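Peer 1: The listed protein sequences correspond, in order, to chains W and U. Counting in UniProt numbering, the first sequence runs from 1 upward without gaps. Counting in UniProt numbering, the second sequence runs from 1 upward without gaps.
These aren't lab readings, by the way, just hints derived from the structure by calculation. Keep in mind the model is a prediction, meaning the values are calculated, not measured. Note that the Cβ used here is the ideal one computed from N, Cα and C, for glycine as well. Check each hint, because a few of them may be wrong.
Quick list of simulated restraints, FRET-style, between CB atoms [to be verified]:
hint: 1; chain 1: W; residue 1: D92; chain 2: U; residue 2: G41; range: 46 to 52 Å
hint: 2; chain 1: W; residue 1: T154; chain 2: U; residue 2: S43; range: 37 to 43 Å
hint: 3; chain 1: W; residue 1: G41; chain 2: U; residue 2: Y60; range: 23 to 29 Å
hint: 4; chain 1: W; residue 1: R50; chain 2: U; residue 2: R133; range: 29 to 35 Å
hint: 5; chain 1: U; residue 1: P128; chain 2: W; residue 2: P25; range: 37 to 43 Å
hint: 6; chain 1: U; residue 1: S155; chain 2: W; residue 2: A209; range: 22 to 28 Å
hint: 7; chain 1: U; residue 1: S155; chain 2: W; residue 2: G140; range: 41 to 47 Å
hint: 8; chain 1: W; residue 1: G127; chain 2: U; residue 2: D147; range: 43 to 49 Å
hint: 9; chain 1: W; residue 1: D161; chain 2: U; residue 2: R81; range: 41 to 47 Å
2 protein chains.
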Amino acid sequence: MSTDVTEGADDPTDWRSVEPLDLTPILSASLDAFYESGFHGASVREIARRVGVTVPSLYYHHQSKEGLLIALLELSISDLRSRALAANDAGDGDPVQRLTNVIFTIVLQMTNRARLAALEGEARYLGPENWERYRAVRKGVEGLVLDIVHDGNTSGDFDADDPAETTRAILGMCQVIPRWYHAEGVHSPEVVARKYVEIALRMAGATRAPDMPTNSEPTEHAS
Amino acid sequence: MSTDVTEGADDPTDWRSVEPLDLTPILSASLDAFYESGFHGASVREIARRVGVTVPSLYYHHQSKEGLLIALLELSISDLRSRALAANDAGDGDPVQRLTNVIFTIVLQMTNRARLAALEGEARYLGPENWERYRAVRKGVEGLVLDIVHDGNTSGDFDADDPAETTRAILGMCQVIPRWYHAEGVHSPEVVARKYVEIALRMAGATRAPDMPTNSEPTEHAS
Chain W
1 MSTDVTEGAD DPTDWRSVEP LDLTPILSAS LDAFYESGFH GASVREIARR VGVTVPSLYY
61 HHQSKEGLLI ALLELSISDL RSRALAANDA GDGDPVQRLT NVIFTIVLQM TNRARLAALE
121 GEARYLGPEN WERYRAVRKG VEGLVLDIVH DGNTSGDFDA DDPAETTRAI LGMCQVIPRW
181 YHAEGVHSPE VVARKYVEIA LRMAGATRAP DMPTNSEPTE HAS
Chain U
1 MSTDVTEGAD DPTDWRSVEP LDLTPILSAS LDAFYESGFH GASVREIARR VGVTVPSLYY
61 HHQSKEGLLI ALLELSISDL RSRALAANDA GDGDPVQRLT NVIFTIVLQM TNRARLAALE
121 GEARYLGPEN WERYRAVRKG VEGLVLDIVH DGNTSGDFDA DDPAETTRAI LGMCQVIPRW
181 YHAEGVHSPE VVARKYVEIA LRMAGATRAP DMPTNSEPTE HAS
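Bound-form chain W, shown alone (with noise of 0.2 Å):
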């Protein structure tokens, strides 16, 4: 699917790099429309109009506006996924740098693609089939740390009281993240990837620190 909607060569396995998304035109229009009116505000002729083609000629490529929606959607989501299960792997089995990994990349992508993770809000708005294919694999993302915090309580490491809760406010804090990150943001994504990796480790009950991570590549916004 990537071939059809990006463009450029963005490795979704390096976790610890999240460069914003390289979107088709009509995608990255799209993303503009649905960002600054929402998904029922966004108007598919406007988005045609700035991308420069025809109407009949977007529905060619995406059928309808939901069909617009859903891509971007499934393009943050799944790369998210695959990113998850990149920075979970490269823990090496151990709970403590998996979730350590997992929220870093997980961060990094609320803040260098605020607008796009700020999409998620929108998802209500799917119709059921896409809805439920778009809550799998969010699902699946949720259910990868829900494994790395019953792991961690297991071995030790973790004495989350409830794993579910505790999961879904770990996601919940990080989901919330574009809403101000535009706005206040203070701190390189790095540096909030940080912060917020040794706020869920308290949230899990982590006995001991980390290695970590440091993003591959400098970023811009670090002084």
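Let chain W serve as the given structure and place chain U on it in line with the hints.
Peer 2: Okay, now just chain U, sitting in the frame of chain W:
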């Protein structure tokens, strides 16, 4: 203001119990419309039709579609602020108890008033003037929690590494509750509130347990 837009005699200082707000028919229909279609997707004509009033009559009370949104948002955030202040006062100067009470009442709002609380996601569509008014009240709530975390750090009851980021993370995990609570709510609002209090105390690094608040009335969800 509350006599203008609400009916009923809900007491905003009763932080242990949060009932759904009694909205006027116009605001109730507006909340439905904003929830279903987002701010830009909602139609004032359709809202007026549902209430059975003319569009001019609706504008007589609320000036514009943005007037409807800010009325709902202010109602929500002012009530949340009143209850948070009352909850803080009831903590008698003890940071652990103050944080406990404040998070307890905030989570009750996020669950018992999930649709109203979810409207927070539409606040970014406010014009600059309304946005600043709304943001000021919201910042007040954030400032209250930040003060508690600072006080707890000073008294040795907490050891938050970064009080500002911890505060944002605590409020963030609460803010996102309305997104999943309706769909997945297997716990009563009170049970969710207690779980989130426990998690928030971990995030702040609380060194001791609080008196856990109980709801001032039996909830119908409780089994």
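Peer 1: Now tell me, hint by hint, if it's right for this structure.
Peer 2: Verification of the hints:
no., hint, verdict
1, W:D92 to U:G41: 46 to 52 Å, "holds, 47 Å"
2, W:T154 to U:S43: 37 to 43 Å, "violated, 53 Å"
3, W:G41 to U:Y60: 23 to 29 Å, "holds, 25 Å"
4, W:R50 to U:R133: 29 to 35 Å, "holds, 32 Å"
5, U:P128 to W:P25: 37 to 43 Å, "violated, 30 Å"
6, U:S155 to W:A209: 22 to 28 Å, "holds, 25 Å"
7, U:S155 to W:G140: 41 to 47 Å, "holds, 43 Å"
8, W:G127 to U:D147: 43 to 49 Å, "holds, 45 Å"
9, W:D161 to U:R81: 41 to 47 Å, "violated, 29 Å"
In this structure, the earlier hints numbered 2, 5, 9 are contradicted, and the remaining ones agree with it.
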